[in-house]
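Visitor: If you read the sequences in order, they're chains A and B.
For the first sequence, the tail end lands on 112 under the numbering used here, and the numbers increase by one without skipping.
For the second sequence, the tail end lands on 113 under the numbering used here, and the numbers increase by one without skipping.
No lab work stands behind these hints: they were computed from the structure.
A portion of the hints provided could be inaccurate.
Interface residues of chain B toward chain A, partial, derived using beta-carbon atoms under 7 Å [what the hints assert, rightly or not]: (1) 29; (2) 32; (3) 44; (4) 46; (5) 54; (6) 103; (7) 105; (8) 106; (9) 108.
Label-pair distances were calculated between CB atoms; the ranges are [unchecked claim]: (10) A:51 x B:30: 28 to 34 Å; (11) B:83 x A:9: 20 to 26 Å; (12) B:10 x A:9: 21 to 27 Å; (13) B:95 x A:52: 25 to 31 Å.
Ideal Cβ positions, reconstructed from N, Cα and C, are used throughout, including at glycine.
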Amino acid sequence: SQTIHQWPATLVQPVGSPLSLECTVEGTSNPNLYWYRQAAGRGLQLLFYSVGIGQISSEVPQNLSASRPQDRQFILSSKKLLLSDSGFYLCAWSEFGANVLTFGAGSRLTVL
Amino acid sequence: GNSVTQMEGPVTLSEEAFLTINCTYTATGYPSLFWYVQYPGEGLQLLLKATKADDKGSNKGFEATYRKETTSFHLEKGSVQVSDSAVYFCALRTKTGANNLFFGTGTRLTVIP
Chain A
1 SQTIHQWPAT
11 LVQPVGSPLS
21 LECTVEGTSN
31 PNLYWYRQAA
41 GRGLQLLFYS
51 VGIGQISSEV
61 PQNLSASRPQ
71 DRQFILSSKK
81 LLLSDSGFYL
91 CAWSEFGANV
101 LTFGAGSRLT
111 VL
Chain B
1 GNSVTQMEGP
11 VTLSEEAFLT
21 INCTYTATGY
31 PSLFWYVQYP
41 GEGLQLLLKA
51 TKADDKGSNK
61 GFEATYRKET
71 TSFHLEKGSV
81 QVSDSAVYFC
91 ALRTKTGANN
101 LFFGTGTRLT
111 VIP
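The following block holds chain B by itself, in its conformation from the complex (with noise of 0.2 Å):
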């Protein structure tokens, strides 16, 4: 079956400090992989995308790489501010069908200044 697992939070960072928010996957064929973020009290956005092996999504300084050898689709962020506090998920979505987004259960992420 499809899922995603992603890294459990809540994750507390000093500002300027280095993010990495872990996503491993279970898929059958090649998904597309997404990271969106959810700010306090919105819906939620796309962050970045990568649509098949190798490829890097990057967007507002955060980076994410689809590894199909290793299944993962890791979040990083060089240096974090407090504007990027927010419930980050990890998800995929398959070629086929209309259901066929799945997300992981998501990290909050708070940074401090």
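Extracted from the complex, chain A is given alone in its bound form (with noise of 0.2 Å):
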């Protein structure tokens, strides 16, 4: 069966430090990869997704980017963090084609 991990599940980074969040998915074979952020109060906003190794979109200019080094591996960096980087960040995937997303657990983002 296939599972999605996705860690750290929280953290806490100061103004200006670096970020990376992983993401991993078992039991399957070149999924489609997301990265989403909820913020507080707010619904869910797609930030980046991968259909393929080294195959990044982008839907939202900001100073976080994303990076699929393995089939099954993705990662979401800042180099510099800003207070509005706080929010809960989500890693799902999808079979290609297939019209449902598995989401992880979830990575709380907290910002000081």
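Using the hints, put the two chains back together into the complex; each one sits in its own frame.
Guide: Here is the structure:
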């Protein structure tokens, strides 16, 4: 069966520090991968998606970046965090051509 | 374009009350429709889905019917429980492309004993 792992679960970082959130999927090949952000009191915002290794599409201009170094690994990064980067970050995957997303448990980032 | 509009919350109900959370959509073509649920501190889970007009998705006592004529997919449950307290997201997915899932803003439901 397929599983998705996302870590760390919680993170408190100072403004200006770097960020790395990791997501891995097991039990499938060539998944579509996604990073969403859920800010307090707001809905889900798609940040990045990837249809293959090294292929990243950005939906919203920001100081975040994403990388997909391996087929089932998706990393969200920042060189310098802003206060506005605080939020709940969700990784998700879907099979190519499928219409259901499976989400990870999320990573709560607080930037102070 | 594609978008989802859902009832703003928060919604507070007593246990065993009837629940309706409204959701309407705008889409090109014939999307699939979903309800996802997010329990406190967790990621989203698929609650139910419908892939074509007049389909009814159901799970855990929740139901939603794909109404093409009113472009709606309202979520209902006849008798809510405290354990149903969560944020509910309506979403649509178009048929083409990887970036094709559009979420509503979410509705927070609190059920009190």
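Visitor: Against this structure, judge whether each hint is valid.
Guide: Cross-check of the supplied hints:
1. Hint status for residue 29 of chain B relative to chain A: violated, with the closest Cβ pair at about 13 Å, above 7 Å.
2. A least Cβ separation of about 5 Å between residue 32 of chain B and chain A falls short of the 7 Å threshold, and the interface hint therefore holds.
3. Interface hint status for residue 44 of chain B: upheld, as the beta-carbon distance to the closest one in chain A is roughly 4 Å, under 7 Å.
4. Against a cut-off of 7 Å between C-beta atoms, the interface hint on residue 46 of chain B holds, since the closest Cβ of chain A lies about 6 Å away.
5. A hinted interface residue such as residue 54 of chain B counts as satisfied when its beta carbon comes closer than 7 Å to some beta carbon of chain A; here the least separation is about 18 Å, so the hint is violated.
6. A hinted interface residue such as residue 103 of chain B counts as satisfied when its beta carbon comes closer than 7 Å to some beta carbon of chain A; here the least separation is about 4 Å, so the hint holds.
7. The criterion of a C-beta within 7 Å of any C-beta in chain A is met by residue 105 of chain B, whose closest approach is roughly 3 Å, and the hint holds.
8. The beta carbon of residue 106 of chain B comes within 5 Å of a beta carbon in chain A, closer than 7 Å, and the hint placing it at the interface holds.
9. The interface hint given for residue 108 of chain B is broken, as the beta carbon of that residue sits about 9 Å from the closest beta carbon of chain A, more than 7 Å.
10. In this structure the supplied range 28 to 34 Å is violated for residue 51 of chain A paired with residue 30 of chain B, their Cβ-Cβ distance being about 23 Å.
11. Separated by about 22 Å at the C-beta atoms, residue 83 of chain B and residue 9 of chain A satisfy the suggested range of 20 to 26 Å.
12. The beta-carbon spacing between residue 10 of chain B and residue 9 of chain A, approximately 25 Å, falls within the hinted interval of 21 to 27 Å.
13. Take residue 95 of chain B and residue 52 of chain A: their Cβ atoms lie about 20 Å apart, and the range 25 to 31 Å is violated.
Hints 1, 5, 9, 10 and 13 from the list above are not met by this structure, while the remaining hints are.
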